[in-house]
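Once you know that position 30 of the sequence shown is 34 in this note's numbering, the rest is easy, because the numbers rise by one and skip nothing.
Read the hints as simulated data drawn from the structure, not as lab findings. Take the hints with a grain of salt, since some may be wrong.
As the list claims (entries may be wrong) - Taking CB as the label site, the calculated pair distances span:
id, residue 1, residue 2, range
1, Asp13, Arg104, 17 to 25 Å
2, Asp176, Gln97, 25 to 33 Å
3, Asp63, Glu98, 36 to 44 Å
4, Gly184, Arg114, 44 to 52 Å
5, Thr188, Ser65, 39 to 47 Å
6, Ile100, Ser186, 27 to 35 Å
As the list claims (entries may be wrong) - Keeping only pairs whose Cα atoms sit at most 20 Å apart, straight-line, the calculated SDA-like set for lysine to any residue is:
id, residue 1, residue 2
7, Lys189, Glu51
8, Lys189, Leu74
9, Lys182, Asp159
No residue lacks a Cβ here, since even glycine has one placed at the ideal position from N, Cα and C.
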Amino acid sequence: MAAGNDALDLFRESGALHEGHFRLSSGLHSSGYLQCALVLQHPTHAEVLGRALGEALRDLSPTVVLSPALGGLIIGHEVGRALGLRAMFAERQENILTLRRGFTLSAEDRVVIIEDVVTTGGSTRETMVVARAAGATVVGAGSIIDRSGGASALDVPFRALVQLALPTYEPDACPMCKAGESVTKPGSRK
5 MAAGNDALDL FRESGALHEG HFRLSSGLHS SGYLQCALVL QHPTHAEVLG
55 RALGEALRDL SPTVVLSPAL GGLIIGHEVG RALGLRAMFA ERQENILTLR
105 RGFTLSAEDR VVIIEDVVTT GGSTRETMVV ARAAGATVVG AGSIIDRSGG
155 ASALDVPFRA LVQLALPTYE PDACPMCKAG ESVTKPGSRK
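Turn these sequences into a full structure, and let the hints guide you.
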């Protein structure tokens with residue numbers, strides 16, 4: 005099982021744990037960044053992480069996995085495979101997260117939302133809105149990495165393989181900005 009240190013070892017092995025000055029998808033700045041795509045590009049790593057996360061969520065009895073594109077796509081697929089469930093994704097259309105490509109949910113669906121990394125929980129909450137608007141019940145959420153420090157404030161059970169406390173700053177309070185360091189935007193949302 006790829007829990008805790010085992011999962012972080014996959015990040016280190018893949019060169020996916022970065023130090024510098026980063027602007028996260030949430031808009032916050034941080035001195036650390038986890039590039040999940042570098043880990044998930046290895047099918048065996050993706051399978052191990054998906055299996056571990058699926059096992060952590062199995063007791064919630066989901067019937068479908070839903071992930072926000074782009075970061076949650078691969079890990080969501082792997083969790084779906086581990087649980088033997090459909091795995092679909094929501095994507096942005098005119099800057100609004102929505103189901104497209106013929107994906108549908110119904111009132112019978114018990115959805116688990118899967119992300120790669122949770123920092124503020126914003127994308128997860130936004131994906132929960134998509135599922136609920138389709139009439140489905142959201143039974144839980146999960147991610148490979150929880151860097152929220154317990155502050156994601158989700159209204160469903162939330163499970164992560166790794167709890168990681170990397171500092172985050174509002175841009176106007178960022179010490180790296182104040183020191184004149186250039187910022188990098190490595191995520192999928194511009």
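Are there hints from earlier that the structure breaks, and if so, what are their numbers? Violated: hints 1, 7, 9.
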